[in-house]
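> Add chain B to chain A, keeping to what the hints say.
Chains A and B are the protein sequences, given in the same order.
Last residue of the first sequence? That's 533 in my numbering, and every number before it is there in order.
Last residue of the second sequence? That's 226 in my numbering, and every number before it is there in order.
None of these hints come from the bench; they were simulated from the model.
There are no misleading hints in this set.
Ranges of calculated distance between the beta carbons of each label pair, as one might list FRET restraints:
#	chain 1	residue 1	chain 2	residue 2	range
1	B	Gly-98	A	Trp-313	49 to 55 Å
2	A	Pro-317	B	Trp-68	41 to 47 Å
3	B	Thr-114	A	Trp-313	25 to 31 Å
4	B	Thr-128	A	Gly-310	21 to 27 Å
5	B	Ser-96	A	Gly-133	31 to 37 Å
6	B	Phe-155	A	Pro-53	30 to 36 Å
7	A	Ala-214	B	Ser-96	27 to 33 Å
8	B	Gly-98	A	Thr-21	55 to 61 Å
9	A	Ser-229	B	Leu-61	17 to 23 Å
10	A	Gly-454	B	Leu-81	51 to 57 Å
11	B	Arg-104	A	Asn-365	51 to 57 Å
12	A	Ala-30	B	Arg-104	53 to 59 Å
13	A	Ala-214	B	Gly-98	25 to 31 Å
From a predicted model like this one, the values you see are computed outputs, not experimental measurements.
Built from N, CA and C at the ideal position, the CB exists for glycine as well.
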Amino acid sequence: MNGTIPAPTIEYALLAPMLVVFGAAIIGVLVEAFAPRYLRSAIHKPLTLLTLAGAFVITIWQARTGIPTTPSAMGAVAVDGPALFIWGTILVLAFVSVLLINDEGHFVASAAAVPGSAEEERALTEGATHTEVYPLVLFAVGGMLLFPAANDLLAMFVALEVMSLPLYLLCGLARRRRLLSQEAAVKYFLLGAFSSAFFLYGTALLYGYAGSVDLAKINTALGSVGGQDTLLYIGVAMLGVGLLFKIGAAPFQAWKPDVYQGSPTPITALMASGTLVAAFGALLRVFWVALGGLEWSWTPIMWGVAILTMVVGAILAITQTDIKRMLAYSSIAHGGFLLIGVVALGNNQQQNASALSALLFYLVAYGFTTVGAFAVVTTVRDAGGEAWHLSRWAGLGKRRPLVAVVFSLFLLAFAGIPLTSGFFGKYAVFQAAVAAGATPLVVVGVVSSAIAAFFYVRVIVLMFFSDPAADGPSVVIPGGTWAVGAVAVLATVVLGVFPQPVLDLAHTAAQSLFVR
Amino acid sequence: MTSQVPDLWPPSAQEVVFLLLGVVALGSALLVVTTRQLVHAALWLVVCFGALAGGYLVLTAEFVAWVQVLIYVGAIVVLLLFGIMLTRAPIGRSAGLDSGNRVTAATVAVGTAAVLVTVVVQGFATAYTPLEPGGGAAATLGASIFRSWVLPFEALSVLLLAALIGAIVLSRTDIRPANPAADAGGPAAPTTPPHPPDPAPPPADGSGATAGETGSGRVSRDGG
Numbered sequence: 018m019n020g021t022i023p024a025p026t027i028e029y030a031l032l033a034p035m036l037v038v039f040g041a042a043i044i045g046v047l048v049e050a051f052a053p054r055y056l057r058s059a060i061h062k063p064l065t066l067l068t069l070a071g072a073f074v075i076t077i078w079q080a081r082t083g084i085p086t087t088p089s090a091m092g093a094v095a096v097d098g099p100a101l102f103i104w105g106t107i108l109v110l111a112f113v114s115v116l117l118i119n120d121e122g123h124f125v126a127s128a129a130a131v132p133g134s135a136e137e138e139r140a141l142t143e144g145a146t147h148t149e150v151y152p153l154v155l156f157a158v159g160g161m162l163l164f165p166a167a168n169d170l171l172a173m174f175v176a177l178e179v180m181s182l183p184l185y186l187l188c189g190l191a192r193r194r195r196l197l198s199q200e201a202a203v204k205y206f207l208l209g210a211f212s213s214a215f216f217l218y219g220t221a222l223l224y225g226y227a228g229s230v231d232l233a234k235i236n237t238a239l240g241s242v243g244g245q246d247t248l249l250y251i252g253v254a255m256l257g258v259g260l261l262f263k264i265g266a267a268p269f270q271a272w273k274p275d276v277y278q279g280s281p282t283p284i285t286a287l288m289a290s291g292t293l294v295a296a297f298g299a300l301l302r303v304f305w306v307a308l309g310g311l312e313w314s315w316t317p318i319m320w321g322v323a324i325l326t327m328v329v330g331a332i333l334a335i336t337q338t339d340i341k342r343m344l345a346y347s348s349i350a351h352g353g354f355l356l357i358g359v360v361a362l363g364n365n366q367q368q369n370a371s372a373l374s375a376l377l378f379y380l381v382a383y384g385f386t387t388v389g390a391f392a393v394v395t396t397v398r399d400a401g402g403e404a405w406h407l408s409r410w411a412g413l414g415k416r417r418p419l420v421a422v423v424f425s426l427f428l429l430a431f432a433g434i435p436l437t438s439g440f441f442g443k444y445a446v447f448q449a450a451v452a453a454g455a456t457p458l459v460v461v462g463v464v465s466s467a468i469a470a471f472f473y474v475r476v477i478v479l480m481f482f483s484d485p486a487a488d489g490p491s492v493v494i495p496g497g498t499w500a501v502g503a504v505a506v507l508a509t510v511v512l513g514v515f516p517q518p519v520l521d522l523a524h525t526a527a528q529s530l531f532v533r
Numbered sequence: 003m004t005s006q007v008p009d010l011w012p013p014s015a016q017e018v019v020f021l022l023l024g025v026v027a028l029g030s031a032l033l034v035v036t037t038r039q040l041v042h043a044a045l046w047l048v049v050c051f052g053a054l055a056g057g058y059l060v061l062t063a064e065f066v067a068w069v070q071v072l073i074y075v076g077a078i079v080v081l082l083l084f085g086i087m088l089t090r091a092p093i094g095r096s097a098g099l100d101s102g103n104r105v106t107a108a109t110v111a112v113g114t115a116a117v118l119v120t121v122v123v124q125g126f127a128t129a130y131t132p133l134e135p136g137g138g139a140a141a142t143l144g145a146s147i148f149r150s151w152v153l154p155f156e157a158l159s160v161l162l163l164a165a166l167i168g169a170i171v172l173s174r175t176d177i178r179p180a181n182p183a184a185d186a187g188g189p190a191a192p193t194t195p196p197h198p199p200d201p202a203p204p205p206a207d208g209s210g211a212t213a214g215e216t217g218s219g220r221v222s223r224d225g226g
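Extracted from the complex, chain A is given alone in its bound form (with noise of 0.2 Å):
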């Protein structure tokens, strides 16, 4: 050792696209400290979104290149088909979700300001903002796409913390309802380092288990290593609890409605689109890698989680009265809807493909109509902000018929209803589930759908068949929310009506599987 140690080989070529948004949070650090105050918004958005866009044309010119076979950086990342698949998905959500948080009025003016106080209303009035978001949006972003990509538990227990803390800190810089927002944001910072703590501690004992913290000599060990079955139950248990915790699945969701009402809008979509793709893209890399030899022990448990969060998700739905509120948990019923996916790991390659590729297809169309409502979401207002009660969109389809239009839209595909992209997501996972002999799964989903369209439409009902009230909301399309709503809109339809593209990308991008 004397001294020396032989240098690591870092594939820079292959995690360009990571590199790319890491770098360019930094700069954006750069720019807090040293361009004067009313330059850096000007500076801080054209610089996020080419990031972002840079970063996506790597990902596919990756894609085209070939994809590598072997984990890159000693080990601890590995960029294969599905993780760049997932790795462009988010780039295009988190470039839409920029364009939402672009527009002005948001974000709190003064986060240190006692809510209501004098000093709040003087950063008000002196047109304060709070540029450093987008830096920080940078850092989140770069936290999800090491996630799905960490082909080991530290790698990703980093990725993990790296994705959540920024997202921490941004939920509770929404600029109304503040004591909410700061509320959601200790909530989730709380929550979310107990399920990190989990995480942790299962990977501790995994790795007392196997010797290894690496994915796939955690897998080998599940042949070789006998008699320590308790360190691997509880361990398993553990990290299960650390990934369910960041997907929301039932019964570790009470932290998603909370947190998705308090936080700014565009943020809410951020994390409803990019964090959930993100924390999928992690949970089958452990599931199907790591514990892939260890299937029957953990499927069972699984669709228990499956039922619980489709049904928890659908039936607590119907009883919200927060637009956010409610969007939060057809959020968590979609989870559940996509675990289904996950249990349906058969015993060959070809069904695994599928089945991978219906989750990836899914994601995609999920995160496009999420982050669509959650635009729609931004636009309605009131005097004092968002019109978040219901009541308040009562008749909206009478005053802004497009507007309206544009929601029910969204909110069938969250249904499921044929020519919109949520059909497609949801017939290709259902059948990858039945191909798998997960048909009693496949029926709670259906009823649970069922149960959610319910109030899909109430929504749609009173939009369009209630009278408006004589004070109704008034509707505000910034430029960058018409743009997201526009590509939402493109994305739901294109992907109902004329799915293949999609579908054929992600199943070439599954056909390889993970890398092992």
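Below, chain B alone, put in the same frame as chain A:
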């Protein structure tokens, strides 16, 4: 990892020292939660962490041991003591330290301990690893961090940067562009809109000491 297991009796010197350190750690941990003097609790925490560090040292994890001393004993406990000093001036025996939740807390703690002890005993009851000096030395750890674990390590530095930025966002109160009208002390227009569309470029700095009236006619706190 299992190799030739030596006999349990007679115990080696390391085993005896390790056992004694464990007893010290356990005893001082109990004292931390039972003592009625806050400062004593913090000091017992030092003993507990120190005993843990000794345990690491016996297991040849010398780097971890020194980190434990530096971070936990050196930084965290000192932080705790400062916290006590700044918030509770009269120190000494205080009556109201017992929480109403102590039965629940004790149950949870005992339950957690039981689960963890069971898991570790079940998992490692038969495992035996011979101790090799230098296994946990800084050189070995450094080589492994900067070779096998270099990417997570660099990602961690990014995480720290994000945390720093976040702490600044949440706590700094003087982040605001200077309003030239307010700077000059002149009265702002009575009907200033809540979001002026185009904030004027700030002068050099010192915007925190703005004096004058805001649009709503309220005298600013730190200026007036």
